[in-house]
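Undergrad: Chains as they are written, first to last, in our numbering: chain A, 1 to 333; chain B, 1 to 469.
Think of the hints as simulated: they come from the structure by calculation, not from any bench. One or more of the hints may lead you astray.
[Said to hold, decoys possible] Computed beta-carbon distance windows for the label pairs:
#, chain 1, residue 1, chain 2, residue 2, range
1, A, 330, B, 401, 40 to 50 Å
2, A, 215, B, 319, 17 to 27 Å
3, B, 164, A, 333, 11 to 21 Å
4, A, 333, B, 300, 53 to 63 Å
5, A, 215, B, 338, 45 to 55 Å
6, A, 267, B, 335, 47 to 57 Å
7, B, 317, A, 122, 18 to 28 Å
8, B, 319, A, 239, 41 to 51 Å
9, A, 229, B, 375, 34 to 44 Å
10, B, 317, A, 104, 45 to 55 Å
11, A, 211, B, 335, 33 to 43 Å
12, A, 122, B, 338, 53 to 63 Å
13, A, 330, B, 393, 31 to 41 Å
14, B, 317, A, 214, 52 to 62 Å
[Stated by the list, open to error] Distance condition first, Cα-Cα at most 35 Å in a straight line; then the derived DSBU-like pairs of lysine-lysine:
#, chain 1, residue 1, chain 2, residue 2
15, A, 124, A, 332
16, B, 167, B, 296
17, B, 318, A, 267
18, A, 267, B, 412
19, B, 107, B, 318
20, B, 429, A, 287
21, B, 318, A, 333
22, A, 333, B, 402
23, B, 429, B, 402
24, B, 241, B, 318
25, B, 370, A, 33
26, B, 412, A, 332
27, B, 149, B, 124
28, A, 332, B, 124
29, A, 231, B, 370
30, B, 365, A, 333
[What the hints assert, rightly or not] Examples of chain A residues toward chain B, derived with CB under 8 Å:
#, residue
31, 157
32, 189
33, 250
34, 253
35, 257
36, 320
37, 331
Cβ atoms here follow ideal geometry from the backbone N, Cα and C, with glycine treated the same way.
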Amino acid sequence: MKVNTAIFRILILSILSVTVLLSDASSQAVPGKDENIPFLVTFGKDGETSWGDDDFFSIFFFTIPKDFSGQFYIKVFDPDVGGENDELQGVWNSKTMFSVYGGKGVDPEKNIESRGLLPGVNYKTGNLLASRVFGDDARYDNKYYAFGPFNPSEGDFNEKWNSYIFKIVCEGISGDDGNLYRYFLSRDANSDLPLEGANAFTYKYTFRMWNDTKSISHIYPYIDTGIVSIKQKNFDWDDDGVILVVSTYKQGISVPVSGEDNWAESKIPVEQAEIGKSLDFQFHKKKESLVRNNNVVISLENQRGDALQFFSSPIGGVPVYQPVIGIRKVQKK
Amino acid sequence: MLVLFPGLLIVNSTAQELNSYEITRLPFSSSGYNDISPVMYNDGLLFCSDRRLSGIMERTSFDGRRLYNIYFVQRRDSVEWNKPKEIRSERSELFNNGPLSIAPDGKTVYFTSEIETGGQSKNKKFRNRSGIFIADLNGFQITSIRPFKYNNPDYNIGQPSVSSDGKYLFFSSDMPGGYGGSDIYYCELINNEWSDPVNAGPMVNSTYIENYPYLHSGGRLYFTSDRPGGAGGLDVYYSEKNDREWGEPVRLPEPVNSASDDFALVAMPDLESGYFASNRQRNDDIYEFIITIIRKATCDTLQENTYCYEFIEENAVKYDTIPFRYEWRFGDGDTASGEIVQHCYAGPGSYLVQLDVVNLVTGEKSLNEKSERLVIQDIEQPFITSPDTAYTGQEIQFSADKTNLPGWQIAKYYWNFDDETAATGQNVKKTFTRPGEYNIQLIVSDKAGSGGKIKETCVSRNILIFNRP
């Protein structure tokens with residue numbers, strides 16, 4: 001199944017290596033349109049990892065182009081833990097805290113701690129710009145809450161991308177219910193007005209799979225210069241289907257899928273033709289029987305152990321496999 | 001491909017056997033005397049002749065027959081020869097000298113002469129046998145004559161031929177134990193001594209006369225025989241060794257052989273020219289022969305037109321966890337499934353190869369995910385159609401009908417059968433007489449273009465000829 005390729009505008013900067021940052025309106029939504037992921041998931045810290053969240057927090061970064069001069073909001077859809085969408089474990093007893101950070105220490109390329117991948121290391125780096133705790137609150141059930149407005153200059157400037165970086169951290173600070181939510185970057189608090197050239201990314205994706213067997217979710221890690229192989233690690237997939245890795249070069253490599261409350265990992269070679277583009281990790285659910293409410297985690301790292309970024313809007317566009325037919329003359333058998 | 005300036009070329013649609021040899025009687029050999037047994041030596045020929053040395057003096061033996069002696073004649077150019085000069089020895093006055101052979105050192109001469117030189121030899125009733133003598137050749141003098149150890153007054157041996165490596169001495173003899181008439185024998189040089197004579201065997205020798213052996217440096221043993229089946233009188237044959245045995249002799253074609261006696265052939269290393277003796281004009285004379293058939297030193301090997309192809313999904317074959325099925329449509333109605341498939345087309349043409357891909361995870365089929373236009377053409381080359389194998393004596397057909405040379409106006413198809421025979425024509429028939437592997441050449445030339453130039457190209461293929469079981 002091919003996903004329609006969106007039209008992207010490309011900003012090319014050159015610092016050490018050429019990096020491409022792309023965006024369109026779909027990139028303002030997290031998860032992005034091309035990702036076709038229904039919800040991000042963060043469980044209360046008293047939850048069990050077997051429910052699909054290995055660490056009970058998630059971190060996303062937003063890139064705001066330097067030449068964007070207005071104010072913006074980071075909107076959270078369905079931030080509460082209760083009512084629709086969220087995953088109930090007994091009674092609604094959970095609280096989730098969303099915190100927005102800017103300033104120095106946020107940029108995960110300058111400050112690895114900010115990525116939130118190092119156990120026991122403080123990932124709440126940068127200046128706290130806004131924070132709010134949500135429990136079971138009907139006012140925000142199935143609705144947006146907008147953080148902001150923020151000025152781009154409040155972010156941590158990244159020269160490579162010529163953008164200001166902001167970070168939003170979602171923590172399940174109490175209870176054991178699962179908070180299912182989405183983000184949207186907007187120029188307006190009450191409507192969805194995308195920021196031209198903005199994008200969002202994370203290093204570790206914790207999300208909800210669709211509750212049907214046909215929908216296919218995707219994530220789009222960017223393959224930067226110097227990468228020769230990547231290691232994928234997925235958690236608590238409940239053996240729910242197949243993960244295919246697709247690129248312009250790979251029609252679809254099947255990689256190991258984890259079971260209940262465990263990790264599966266594998267190494268994937270990267271070809272030169274894939275450098276500077278995104279891979280497409282496709283999540284095909286099991287066809288024989290529907291696995292409901294499946295929450296999963298996935299992360300990638302390169303051959304040096306550095307985490308790869310997943311962009312909400314795939315850099316270089318959604319990769320479409322290009323078959324290569326080889327024909328050569330042979331002797332008649 | 002060569003570009004030549006043409007002679008007159010004529011299209012032959014039917015086979016035409018070509019004369020392989022041109023012969024010329026050498027100008028010094030046109031007198032009323034007999035010249036025989038040419039030996040290539042330096043820039044001329046050694047030969048035997050019973051010619052008169054002067055206008056008034058004739059040298060004869062005791063019984064009154066003119067004596068043969070050894071002469072050297074220098075070649076002046078491609079046509080002219082100098083006047084022959086006698087090679088003298090102590091035997092020149094009273095005995096026959098020659099035929100002869102020169103050892104690889106260029107100095108040692110083996111020649112035929114009478115064995116007995118004492119008083120008995122002057123008795124007209126005495127039958128003096130011939131033998132081989134070994135001597136030194138110093139300019140125009142033969143010195144230090146010593147008899148060959150196997151000379152025997154009870155039978156004749158003579159017509160020596162030393163191999164080019166000096167290891168073998170061939171000769172003819174009517175010694176007892178042969179097959180009849182005279183036979184070809186040889187001795188091997190072992191520890192600087194000639195071994196006992198060995199009969200060359202039943203393939204070379206017959207109940208008839210075999211004589212004038214000549215072992216060519218390429219391994220062919222030329223000899224002369226009056227066996228039945230020849231052109232008449234003595235004919236020249238050659239035999240080549242198959243493994244350790246001499247093979248079926250091949251009689252050289254006309255005009256080397258004729259209804260008269262043709263004998264004592266010697267050849268240049270490339271076999272394309274040489275000399276022999278013949279009495280086709282009453283006396284024995286020496287003739288030069290040149291092989292006129294064309295044989296290319298470089299000729300492309302025929303490439304078979306194959307219409308079989310392997311189709312690969314290049315990226316898919318690099319990974320072993322690809323949950324896809326690749327379905328190929330070859331454009332001629334046939335299909336196959338797999339990452340790598342093979343298909344043979346019926347012949348040249350333009351085919352649209354289409355690849356459909358079935359995602360085994362989703363079950364979806366992407367039609368015509370990739371397509372390639374495959375244009376198959378025959379290889380541009382002259383083409384030899386013939387069986388790969390045949391038997392001796394079996395007439396086989398050679399055809400150039402499948403020649404594919406776009407833009408050529410073919411004027412001539414020329415076939416070289418690798419047995420010193422040739423033919424012209426698009427379709428020719430050929431019968432091989434001896435087993436072996438033959439490298440057939442087909443040389444195709446087109447009509448002269450502007451400037452009088454013509455194109456020419458050559459292909460070759462091997463065929464195996466077996467003895468009929």
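Undergrad: Against this structure, judge whether each hint is valid.
TA: Okay, the hints, checked on the actual structure:
Between residue 330 (chain A) and residue 401 (chain B) the CB atoms are about 26 Å apart, so this pair departs from the stated range of 40 to 50 Å. For residue 215 (chain A) and residue 319 (chain B), the hinted distance range of 17 to 27 Å is satisfied, since their beta carbons lie about 25 Å from each other. Checked against the given bound of 11 to 21 Å, the beta carbons of residue 164 (chain B) and residue 333 (chain A), roughly 48 Å apart, lie outside it. Between residue 333 (chain A) and residue 300 (chain B) the C-beta distance comes to about 25 Å, which lies outside the given range of 53 to 63 Å.
For residue 215 (chain A) and residue 338 (chain B), the Cβ-Cβ distance of about 31 Å falls outside the hinted range of 45 to 55 Å, so the restraint is violated. For residue 267 (chain A) paired with residue 335 (chain B), a C-beta distance near 36 Å fails the hint of 47 to 57 Å. Checked against the hint of 18 to 28 Å, the pair residue 317 (chain B) and residue 122 (chain A) fails, with Cβ atoms roughly 48 Å apart. A beta carbon spacing of about 22 Å between residue 319 (chain B) and residue 239 (chain A) contradicts the range 41 to 51 Å that was offered as a hint.
Our hint of 34 to 44 Å for residue 229 (chain A) and residue 375 (chain B) holds, since their Cβ atoms are close to 40 Å apart. Distance hint check: the CB atoms of residue 317 (chain B) and residue 104 (chain A) are about 50 Å apart, consistent with the given range 45 to 55 Å. Here the CB-CB span from residue 211 (chain A) to residue 335 (chain B) is close to 39 Å, well matched to the stated 33 to 43 Å. Under the hint 53 to 63 Å, the C-beta atoms of residue 122 (chain A) and residue 338 (chain B), about 55 Å apart, fit the expected range.
Checking the proposed 31 to 41 Å range against residue 330 (chain A) and residue 393 (chain B) shows it holds: the Cβ atoms sit about 38 Å from each other. For residue 317 (chain B) and residue 214 (chain A), the hinted distance range of 52 to 62 Å is not satisfied, since their beta carbons lie about 30 Å from each other. This hinted pair does not check out: residue 124 (chain A) and residue 332 (chain A) have alpha carbons roughly 68 Å apart, beyond 35 Å. At most 35 Å may separate the alpha-carbon atoms for a hinted pair to count; residue 167 (chain B) and residue 296 (chain B) meet this at roughly 32 Å.
A threshold of 35 Å between alpha carbons decides the hint, and for residue 318 (chain B) with residue 267 (chain A) the separation of about 15 Å falls inside it, so the pair holds. In summary, the hint linking residue 267 (chain A) to residue 412 (chain B) is not supported, as the alpha carbons are separated by about 65 Å, beyond the 35 Å threshold. Taking the CA atoms of residue 107 (chain B) and residue 318 (chain B), the gap is about 72 Å. The hint is violated against a cut of 35 Å. Between residue 429 (chain B) and residue 287 (chain A), the direct Cα distance comes to roughly 70 Å. Violation of the 35 Å bound is thereby established for this hinted pair.
Of the pairs offered as hints, the one joining residue 318 (chain B) and residue 333 (chain A) holds, with about 25 Å between alpha carbons and a cut-off of 35 Å not exceeded. A hinted pair counts as satisfied when its Cα atoms are at most 35 Å apart, and residue 333 (chain A) with residue 402 (chain B) qualifies at roughly 22 Å. Under the criterion of a C-alpha separation no larger than 35 Å, the hint pairing residue 429 (chain B) with residue 402 (chain B) is consistent with the structure, at around 16 Å. A distance of roughly 54 Å separates the Cα atoms of residue 241 (chain B) and residue 318 (chain B); the hinted pair therefore is violated under the 35 Å criterion.
A distance of roughly 28 Å separates the Cα atoms of residue 370 (chain B) and residue 33 (chain A); the hinted pair therefore holds under the 35 Å criterion. Under the criterion of a C-alpha separation no larger than 35 Å, the hint pairing residue 412 (chain B) with residue 332 (chain A) is consistent with the structure, at around 32 Å. About 26 Å separates the Cα atoms of residue 149 (chain B) and residue 124 (chain B), which keeps this hinted pair within 35 Å; it holds. Of the supplied pair hints, the one linking residue 332 (chain A) and residue 124 (chain B) is violated, its CA atoms being roughly 78 Å apart against a limit of 35 Å.
A threshold of 35 Å between alpha carbons decides the hint, and for residue 231 (chain A) with residue 370 (chain B) the separation of about 30 Å falls inside it, so the pair holds. A C-alpha spacing of about 31 Å is found between residue 365 (chain B) and residue 333 (chain A), which places the hinted pair at or below 35 Å, so the restraint holds. The beta carbon of residue 157 (chain A) is not positioned within 8 Å of any beta carbon in chain B (closest approach about 40 Å), and the interface hint is therefore violated. Here the hint on residue 189 (chain A) is broken, as its CB sits about 40 Å from the closest CB of chain B, past 8 Å.
Interface restraint check for residue 250 (chain A): the shortest CB-CB distance to chain B comes to about 7 Å, inside 8 Å, so the restraint holds. A distance limit of 8 Å between C-beta atoms decides the matter here; for residue 253 (chain A) the minimum to chain B is near 5 Å, and the interface restraint holds. Hint on residue 257 (chain A) is violated. Least Cβ distance to chain B is approximately 12 Å, over the 8 Å limit. The beta carbon of residue 320 (chain A) comes no nearer than 11 Å to any beta carbon in chain B, farther than 8 Å, and the hint placing it at the interface is violated.
A least Cβ separation of about 6 Å between residue 331 (chain A) and chain B falls short of the 8 Å threshold, and the interface hint therefore holds.
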